[in-house]
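Since the structure of chain A is already known, use the hints to place chain B on it.
Protein chains: 2
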Amino acid sequence: MTGWLAVAGLGPGDEAMVTPEVRAALAEATDVIGYFPYVARVAPRDGLTLHASDNRVEIDRAQLALQLAASGARVVIVSSGDPGVFAMASALFEALETWPDLQTLDIRILPGITAMLAAAAHTGAPLGHDFCCINLSDNLKPWPLVERRLRLAAQADFAMAFYNPRSVSRPHQFARALDILREECGPDRLITFARAVTTPEERIVTVSLAEAVPEMADMRTVVIVGNAATRRVGRFVYTPRSAV
Amino acid sequence: MTGWLAVAGLGPGDEAMVTPEVRAALAEATDVIGYFPYVARVAPRDGLTLHASDNRVEIDRAQLALQLAASGARVVIVSSGDPGVFAMASALFEALETWPDLQTLDIRILPGITAMLAAAAHTGAPLGHDFCCINLSDNLKPWPLVERRLRLAAQADFAMAFYNPRSVSRPHQFARALDILREECGPDRLITFARAVTTPEERIVTVSLAEAVPEMADMRTVVIVGNAATRRVGRFVYTPRSAV
Numbered sequence: 001m002t003g004w005l006a007v008a009g010l011g012p013g014d015e016a017m018v019t020p021e022v023r024a025a026l027a028e029a030t031d032v033i034g035y036f037p038y039v040a041r042v043a044p045r046d047g048l049t050l051h052a053s054d055n056r057v058e059i060d061r062a063q064l065a066l067q068l069a070a071s072g073a074r075v076v077i078v079s080s081g082d083p084g085v086f087a088m089a090s091a092l093f094e095a096l097e098t099w100p101d102l103q104t105l106d107i108r109i110l111p112g113i114t115a116m117l118a119a120a121a122h123t124g125a126p127l128g129h130d131f132c133c134i135n136l137s138d139n140l141k142p143w144p145l146v147e148r149r150l151r152l153a154a155q156a157d158f159a160m161a162f163y164n165p166r167s168v169s170r171p172h173q174f175a176r177a178l179d180i181l182r183e184e185c186g187p188d189r190l191i192t193f194a195r196a197v198t199t200p201e202e203r204i205v206t207v208s209l210a211e212a213v214p215e216m217a218d219m220r221t222v223v224i225v226g227n228a229a230t231r232r233v234g235r236f237v238y239t240p241r242s243a244v
Numbered sequence: 001m002t003g004w005l006a007v008a009g010l011g012p013g014d015e016a017m018v019t020p021e022v023r024a025a026l027a028e029a030t031d032v033i034g035y036f037p038y039v040a041r042v043a044p045r046d047g048l049t050l051h052a053s054d055n056r057v058e059i060d061r062a063q064l065a066l067q068l069a070a071s072g073a074r075v076v077i078v079s080s081g082d083p084g085v086f087a088m089a090s091a092l093f094e095a096l097e098t099w100p101d102l103q104t105l106d107i108r109i110l111p112g113i114t115a116m117l118a119a120a121a122h123t124g125a126p127l128g129h130d131f132c133c134i135n136l137s138d139n140l141k142p143w144p145l146v147e148r149r150l151r152l153a154a155q156a157d158f159a160m161a162f163y164n165p166r167s168v169s170r171p172h173q174f175a176r177a178l179d180i181l182r183e184e185c186g187p188d189r190l191i192t193f194a195r196a197v198t199t200p201e202e203r204i205v206t207v208s209l210a211e212a213v214p215e216m217a218d219m220r221t222v223v224i225v226g227n228a229a230t231r232r233v234g235r236f237v238y239t240p241r242s243a244v
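Residue numbers (the working numbering), protein chains in the order written: chain A, 1 to 244; chain B, 1 to 244.
Pulled out of the complex, with its shape left as it was, chain A reads as follows (with noise of 0.2 Å):
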């Protein structure tokens, strides 16, 4: 019995946005574990058991992904987007850091269609020059360590996404990110809420920086910031491709 575990992208909720690669995975899985709404997008049949748990449980997930694994059964750990950007990968390596017997498994990360080229297809193109993608919950860092990328993100005229932007533990921090972007791109520029990209709830507002308001944003918001040169065109927004 030879065991395996891959880590696989869901993509933002479109089932058309799901790989082959990561379909034939699930559909060769003894086991699929994730986060319970990832889980539920996976078709239950025989001989899958589904292991669903909550959020904030990245660690231990791993830990059973591997456990399961190294005894021979055929493991999909599943996430949204894509595993790689803010998701299960990391920790993955994470708790493989920790069990060096296991780092000769078979292992493999299968991408995904991640929430930001999702969102910035829906709205047109506001990723078309050189961006950054920041994750703006503390959970895992520092906050003030958040202010500063945003300064220098700003100072070098990257777009930028935005994932988990604001929650409602922390509701201030997302203003606080909208008044250090005003200071340091000014009143026009623009900055897209796509939410709930992909699905029936999908909602995508463009408005100027000067217009926004923290309340445009949830945790199922991908925030989108363009650069200097970002501009509409007719019902688009997009970044050109030269800068100056």
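Be a bit skeptical, because a hint or two may be false.
Heads up, the list lumps identical chains together, so a pair's fine if it works in one copy or across two of them.
As the list claims (entries may be wrong) - Calculated cross-link-like contacts (lysine to any residue; reagent style SDA-like; alpha-carbon spacing at most 25 Å):
| id | residue 1 | residue 2 |
| --- | --- | --- |
| 1 | LYS141 | GLU201 |
| 2 | LYS141 | GLN173 |
| 3 | LYS141 | ARG220 |
| 4 | LYS141 | GLN155 |
Hints listed in this document are in silico derivations from the structure and should not be mistaken for laboratory results.
Keep in mind the model is a prediction, meaning the values are calculated, not measured.
For chain B alone, coordinates are given in the frame of chain A:
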């Protein structure tokens, strides 16, 4: 006859990474337009015209696509990777900006697996924390701006992904980029050269910045530089989720 235009990402090369959404658009298309190696990935069939063109004619390609769609054709512009990341989506909107009459056309951008996500997945999880994505080509921006962005990105302690790191026409610039990175990040920082990811020629090598030489990259290489915490675990390279 109602025409439409989709700009679709074919992913990094492996057909198992093409999304069903993109497959469906290709199946309905009357015309496929793109750089010839990407058009070569689309199977010919009755009722489908393939329009392959050379590199650096992005605006011509976008104009042809808009004209065909406006006359009732079902048009797919194909990009490798994701169309919104250093690919055809921004070029399309640049062309659309000059033709206001066509701004009500049915236009959709279909996301794909961009090269850095596939490269990161096959390396481990080097982009598992805040990161930036920079096109190192100076075709469309002045080289000093690239240097400035590299320094600011390093000061922000972003992991970094570089597209188009090195071409025959500008062999010295990537050497200069490596010098800047060594200056800002020190000699021990990990750098990954991921060439022809997901194709039969895939080759992924990780070294320290001290060991990196420009010849490790060419135009088929995505380069990923870790942040200060990026490290090896077994045969993988990953960036932890947390930062201090």
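Just pull the numbers of the violated hints for me, sorted ascending. 1
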